[in-house]
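J.: Assemble chain B onto chain A, guided by the hints.
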Amino acid sequence: MNRINQLFKNKKDILSVYFTAGYPNLNDTNTIIQSLEKNGTDLVEIGMPFSDPLADGPTIQASSLTALKNGMSISKLFEQLKEVRKTVSIPIILMGYINPVHKFGIEKFINKCAEVGVDGVIIPDLPFNEYYEEHQQLFENAGVTNIFLITPQTPDARIKLIDDNTKGFIYMVSSAAVTGAKKGLSEAQLAYFTRVNNLNLKNPTLIGFGIGDHESFTEACKYSKGAIIGSAFIKMLSKSSNFENDIKKFISSIRNN
Amino acid sequence: MSKSYFKTYPNEKGYFGEYGGAYIPPVLEEEMRKITEAYFKISKSHEFISQLRSIRKHYQGRPTPVYYCNRLSEKYSGRIYLKREDLNHTGAHKLNHCMGEALLAKYLGKKRLIAETGAGQHGVALATAAAYFGLECEIHMGEVDIKKEHPNVVRMKILGAEVVPVTHGLKTLKEAVDSAFEAYLKDPINTIYCIGSVVGPHPFPMMVRDFQRVVGIEAKEQFFDMTGELPDNVVACVGGGSNAMGIFSAFIEDEEVTLYGVEPAGRDLSVIGEHAATITHGSPGILHGFKCYTLQDEKGEPAPVYSVASGLDYPGVGPEHSMLHDLKRVKYSSATDKDAIDAFYELSRLEGIIPALESAHAVAHALKIAKEHPRQSILVNLSGRGDKDIDFIVDNYGLPK
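As given, the protein sequences belong to chains A and B, one line each in that order. Heads up, the first sequence is in the working numbering, so the first residue is 1 and it goes up one at a time. Heads up, the second sequence is in the working numbering, so the first residue is 1 and it goes up one at a time.
The shape of chain A in the complex, shown without the other chains:
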């Protein structure tokens, strides 16, 4: 059983934190991961920076451009992660866009994930059909989970198809369609969470996009196994001069208000 399944089996109110690799500085990646684990984060999602991301808001876009300028790349990230796996045991997920992955070589990418201890991958612009027809076997053989996003517009049949073809969790995009910390959850969002819950999926769900504080996190946990925080965390990082301290404060403010 891989680390993702293990986590979902044993825990609820899962807190997943997203940040961009190589941001604010090239070699901050590992310090941030270690500090996140130490302070009670259950899962980390690491963004592989790309200059033209179609699903990210201004905060993450800006951090990606900085990271690229810092010299971050997929190969550099794998080097860093190989080191950090020696000390960190929470699941690690990579999120990024298809072109850099294709350029790296998709098979090589998946195998490298398995080799350095990356548990899952999110590629928002990889079409489900292409995954299904061309890559699913590669992922499964390597034991790397491909995680799909669903949105309020995704039809039930599609959600079920995704559920049948993934073995980790489903990422429920709450509603603001590009990432960005917006406060509070609306009626429409809650109705959507309920609709998805009523489908009785075999995979658990995490809620992402629009989660940025204790209130929205707690609310999201009522409708899923947990939630993902991205932009709010990156905003904090961009202002921080002491990660160790500020990450501790940030995580505790999400968990305990």
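I should point out that these hints are in silico values taken from the structure, not numbers from a laboratory. The structure displayed is predicted, hence computed values, not measured ones. Built from N, CA and C at the ideal position, the CB exists for glycine as well. Check the hints yourself; a few may be wrong.
Between beta-carbon pairs, the in silico distance windows are [claimed, not checked]: (1) A:136 to B:109: 35 to 45 Å; (2) B:186 to A:136: 54 to 64 Å; (3) B:373 to A:79: 51 to 61 Å; (4) B:41 to A:133: 24 to 34 Å; (5) B:371 to A:165: 55 to 65 Å.
T.: What follows is chain B alone, placed relative to chain A:
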């Protein structure tokens, strides 16, 4: 080439050979499916076609003429003809697909049109369509282009559109597409992203091509009326490639017609960042939701691009062009900034027609062909007029002696 070209490409999934497709986040998947469905159901209906035809005739002033360039042909040899898209309402071919897209948006109950623009021609055309149909309009434009294409920015504002300046990266066309996508993703239900060329996720490359086919259909008939034959060569500039697909489409199955797509060679074709000759120097990649030839680095990041023509500096190109290149049906070549500026003045002074800087790239290549093949006929798609460029050119390049 197969007889049923238009029914073969793109295929069901939106691919032109290996190019095209829809590499988009799930939030757009359902919208693209709906737009595709609507395109086949609504745009092919008798009612829609009649409406669009009436718009083209009475509002856009179509058909635009084909014109034989007397003095230019005399000076350079060859027989040079222009398809006068500069005379299409708003001064470029862009309105052909904008009116189609906006009419479809109206049928779909959309309230707002969003788009990017490079030179501002697409932005002006979409703002015009929005005014015509009573829709809101938001145009994303790089800060660099806003400065360079000032008259078009003013036109968009006069037409009631909101112009959103884009400040990241090189602040030109690619970044404007990023910004427009970002805005679109915030409200895909009430909005439609009317992408400005034969690029983007399926169904846009197909839809924009189909709405632009009117250029080729008219030109072929007009040219035949004038000469009793098909042109030996058809030339068009290629940024994303909408005007080129428009005119090429009518001749793809006529193998005796040589088709030329002219890419911007900028200041220096041998230096990355100094040109935008995507097909000439690129490799297959995925950008802005579709697969095509792209200028990119070893990490898969889009490379910086440059051209004197704001409508051509894009690191990708239409998927259909990518395929036509592989099939060797279209020859892709390039013209430098200097070639384009020279052609700009030649056409202005010999024919009294001031071309857009983008179109001047096609004219430049036509002059080259004319010199090499003095007996041949050359049909150039003069995709737009140059009013928008006059201040920039005179300030930066001066007047010729």
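J.: Each of the hints needs a verdict: does it hold here or not?
T.: Consistency of the hints with the structure:
A beta carbon spacing of about 37 Å between residue 136 of chain A and residue 109 of chain B agrees with the range 35 to 45 Å that was offered as a hint. At about 32 Å, the CB distance of residue 186 of chain B to residue 136 of chain A disagrees with the hint of 54 to 64 Å. For residue 373 of chain B and residue 79 of chain A, the Cβ-Cβ distance of about 56 Å falls inside the hinted range of 51 to 61 Å, so the restraint holds. At roughly 27 Å, the beta-carbon separation of residue 41 of chain B and residue 133 of chain A lies within the given 24 to 34 Å, and the hint holds.
Take residue 371 of chain B and residue 165 of chain A: their Cβ atoms lie about 59 Å apart, and the range 55 to 65 Å holds.
Checked against the numbered hints given earlier, the structure breaks only hint 2 and satisfies all the rest.
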